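If you're matching them up, the sequences are chains F and U in order. Going by full-length UniProt numbering, the first sequence wraps up at 290, each residue one higher than the last. Going by full-length UniProt numbering, the second sequence wraps up at 274, each residue one higher than the last.
Calculated from the structure, these hints are not laboratory results. Quick caveat, the model's predicted, so the values are computed rather than measured. Using N, Cα and C, we set each Cβ at its ideal position, and we do this for glycine too. Watch out, some of these pointers could steer you wrong.
To be verified - A short, non-exhaustive set of chain F residues, derived as facing chain U with CB atoms under 10 Å:
1. 108
2. 195
3. 215
4. 232
Said to hold, decoys possible - Pairwise CB distance ranges, derived in the manner of DEER restraints:
5. U:188 / F:235: 45 to 51 Å
6. U:8 / F:66: 52 to 58 Å
7. F:66 / U:165: 53 to 59 Å
To be verified - Dumping the calculated BS3-like pairs for lysine-lysine here, alpha-carbon to alpha-carbon at most 25 Å:
8. U:101 / U:114
9. F:186 / U:10
10. F:186 / U:262
11. U:114 / U:10
12. U:114 / U:104
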Amino acid sequence: MATQQTRSLARFMMAPSVVLLFVWMIVPLAFTLWFSFQQYNPLNPIRDGFVGFSNYALFYSNPAFLQSILNTLILVGSVLLITVIGGILLALLIDQPMWGQGIVRILVISPFFVMPPVAALVWKNMIMHPQYGVFADIARFFGGQPIDWFGQYPMLAIIIIVAWQWLPFATLILLTSLQSLDGEQKEAAEMDGAGFISRFIYLTLPHMSRAITVVLLIQTIFLLSVYAEILVTTNGGPGYASTNLPFLVYQKALLEFKIGQASAGGILAVILANIVAFFAMRAVGRNLDK
Amino acid sequence: MARAVSTQHKTIATAAAWIVALLIFFPILYTIITSFKSEQEAIQGFNLFPSGTTESYTAVEAQSGYFKFFLNSVFLSVGSTILALLVAIPAAWSMAFSPGKWTKDILMWMLSTKMMPAVAVLFPIYLIFRDTGLLDSRIGLMVMLMLINLPIVVWMLYTYFREIPGEILEAARMDGASLWNEIVYVLTPMAVPGIASTMLLNIILAWNEAFWTIRLTTTEAAPLTAFISSFSSPQGLFWAKLSAASTLAIAPILIMGWFSQKQLVRGLTFGAVK
Chain F
1 MATQQTRSLA
11 RFMMAPSVVL
21 LFVWMIVPLA
31 FTLWFSFQQY
41 NPLNPIRDGF
51 VGFSNYALFY
61 SNPAFLQSIL
71 NTLILVGSVL
81 LITVIGGILL
91 ALLIDQPMWG
101 QGIVRILVIS
111 PFFVMPPVAA
121 LVWKNMIMHP
131 QYGVFADIAR
141 FFGGQPIDWF
151 GQYPMLAIII
161 IVAWQWLPFA
171 TLILLTSLQS
181 LDGEQKEAAE
191 MDGAGFISRF
201 IYLTLPHMSR
211 AITVVLLIQT
221 IFLLSVYAEI
231 LVTTNGGPGY
241 ASTNLPFLVY
251 QKALLEFKIG
261 QASAGGILAV
271 ILANIVAFFA
281 MRAVGRNLDK
Chain U
1 MARAVSTQHK
11 TIATAAAWIV
21 ALLIFFPILY
31 TIITSFKSEQ
41 EAIQGFNLFP
51 SGTTESYTAV
61 EAQSGYFKFF
71 LNSVFLSVGS
81 TILALLVAIP
91 AAWSMAFSPG
101 KWTKDILMWM
111 LSTKMMPAVA
121 VLFPIYLIFR
131 DTGLLDSRIG
141 LMVMLMLINL
151 PIVVWMLYTY
161 FREIPGEILE
171 AARMDGASLW
181 NEIVYVLTPM
191 AVPGIASTML
201 LNIILAWNEA
211 FWTIRLTTTE
221 AAPLTAFISS
231 FSSPQGLFWA
241 KLSAASTLAI
251 APILIMGWFS
261 QKQLVRGLTF
271 GAVK
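Only chain U is shown next, with the shape it has when bound in the complex:
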């Protein structure tokens, strides 16, 4: 028996939910609106209808070379994710398909490294980076981001791989499939969705990481997090430009995020909530 829902109930719920949702979304919406205002318009009080100028967008690129920071963000988030996957896939694979006595402990220990506060190792890392010339280098930061997210990547892959039934492998083996065929034709197709989800979530996390990306870079390797932070010094009014830069910085990841809600829940709760 389906639950009968009165239209009245549905109308009230719809109205309430939309009001709350729009309030929560408002800062983002207002940022997008302001990015299409001129600097004078932006400080003339509350106004939801911009003149539609795109001068802030051109100014952000012309004055501060936005595109370079954007490319750094892409390079760092995608690069660190691929690197993490390369290291994590074999590990998660072996833990899921031939778990040993220590598998569970190793998983827990990996998770515990994620809980170490970054500030506790700030200076040693800074020192190591400085003395090896890795400060403000894309490669150094990429490795750093890879290490930070490695536990989550291993965990997420592990929870996905564990759902692949082991009997299928045995069946393939009985049919005479070689190890190579087994990997290419049986395992990979089943693992791809899990790997893709992991990749998506990890790119989002790396894109938004705002401690190491700010502290270990100055200009060359600085991604968007560091670029936006440089707007914090209060010199003059630049609401429209700040909005344009912010909109550009969050747009790609916002859209990716909308498509990854399920993976997000799973990845960030380490499989505890699905």
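One chain only, chain F, in its complex shape:
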């Protein structure tokens, strides 16, 4: 039915979105690429010039760089593990017949709607504060020594906060998938005498596999760029103990004004994200063909 006319109309209707996104993606990225080969300091503009790959060499030889990559991977990996396993268990629990299921759902999903700075500050001050936090109160109640979470275990503290934010997301997606499981299939398996465990392994888990993949990929995209949670809790420290790649790039660019190095780091972040994106796109793309 598509005539030449409707086709050109369609192209015309699509143009604003495509052009805007293209410009928004290409222009800044080109700048970043260009800066990554320049010596550029906005405070000291005399030393400008092309410096080849030395920004990359400088950024990558910085001991903070390795630490930040490691922290990024630890953060993403741990949060994924906690949220996916926790999400499956929670989804299975909430899917049981119970009283007040709707309210339970609302309570569980809530942390996802809390803006990152609020989530981080509430945890930092009211829950994990070594003197006045709830954890300290609990520790003292049992006669223990309160833990200085952000001083002693900064990464663990941030992992807990970020996992708290994303567990609801995983739970909600997995629960949605779980509830679309055919009830008759479940009953048939039950009548055949399949126990809870074998039903879970042979029926439920395969059914949820696509939802799990989606959760993993989408969370990875967001977790690779965790920023506000670090900014308001540890500010990357002590030292570089809780600095991830986005935070290191931010520090280089806006605090130290080492634009060249920051850009080199940014390019690396793009490459990292693209590796993930490659797999994500394939998973989502398969869905389009249906």
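Chain F is already provided as a structure; the job is to place chain U on it using the hints.
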């Protein structure tokens, strides 16, 4: 045959689920409770029963002008969403109803822009904003938020529009409906629920965006994310005030979020899980 559920099973499941749910909700609950304490009460150890004072709420407004940040948040999230819808509706529409050879590739490419890490373009964007005087301006940030969420908006609208059966359009056309009538009386009523869902989710995402809103603003255009972040410097004890500010910052979006669970799943999984 319905599955017989023993009362015992149901009781255990209920108890377990409620305990876990309350634990997960606890930080939010405790924030709300603390916001009704005085500053002395707030640091006197664990206490679930506040005196009920609202002094923190009045203090937050009086000392830091909370309301201005709130208005900025409303303006930015709603404004960027409407802007995104204006750009995205025609695009999603044409992709859903007259898909071409490249439609799928364009959709995938749009999604890929969402995956670009913000830090990679932080400095160029900062520079562009500074040199065009857009730093700390509401309009600049609104456009920024619009661009960030545009891929999700196009995608979500596309998955909704695709479910509108094309035969209905043909039937209307056969009955002699003009293009205008077709749009007003046939398509729009069917598209409104999808557009509303998209709008809701996008407002939530824009409200909570905490990278550009913090880095591209100082005072004038700063929304609640930037306002709350300013509480991070450890000067004095202000648990109750922090709680009051936090409660006010998350309450509207929390309530909206409760109503948008389904749309959230669909929007954030790009239609892969419904």
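Is the hinted pair residue 186 (chain F) and residue 10 (chain U) satisfied, with a Cα-Cα distance of at most 25 Å? holds (18 Å)
Hey, does the residue 108 (chain F) contact hint survive, CB to chain U under 10 Å? holds (5 Å)
Can we keep the residue 232 (chain F) interface hint, with Cβ of chain U closer than 10 Å? holds (4 Å)
Does residue 114 (chain U) sit within 25 Å of residue 101 (chain U), going by the straight-line distance between their CA atoms? holds (23 Å)
Given the hint that residue 114 (chain U) pairs with residue 10 (chain U), does the C-alpha gap stay at or below 25 Å? violated (43 Å)
Closest C-beta approach of residue 215 (chain F) to chain U relative to 10 Å, hint status: holds (8 Å)
Decide if the proposed pair is consistent with the structure: residue 186 (chain F) and residue 262 (chain U), CA atoms, cutoff 25 Å inclusive. holds (24 Å)
Is 45 to 51 Å a correct range for the gap between the Cβ atoms of residue 188 (chain U) and residue 235 (chain F)? The hinted range 45 to 51 Å holds for residue 188 (chain U) and residue 235 (chain F), with Cβ atoms some 50 Å apart.
Starting from the range 52 to 58 Å, see whether the pair residue 8 (chain U) and residue 66 (chain F) falls in it by beta-carbon distance. holds (55 Å)
Going by Cβ atoms only, is residue 195 (chain F) closer than 10 Å to chain U? violated (15 Å)
Could you grab the alpha-carbon distance between residue 114 (chain U) and residue 104 (chain U) and see if it respects the 25 Å cut-off? Holds, at roughly 16 Å.
Taking 53 to 59 Å as the stated bounds, is the beta-carbon spacing between residue 66 (chain F) and residue 165 (chain U) within them? Once the Cβ atoms are compared, 56 Å apart, the range 53 to 59 Å for residue 165 (chain U) and residue 66 (chain F) holds.
Hint compliance for this structure: hints 2, 11 are not met, and every other hint is.
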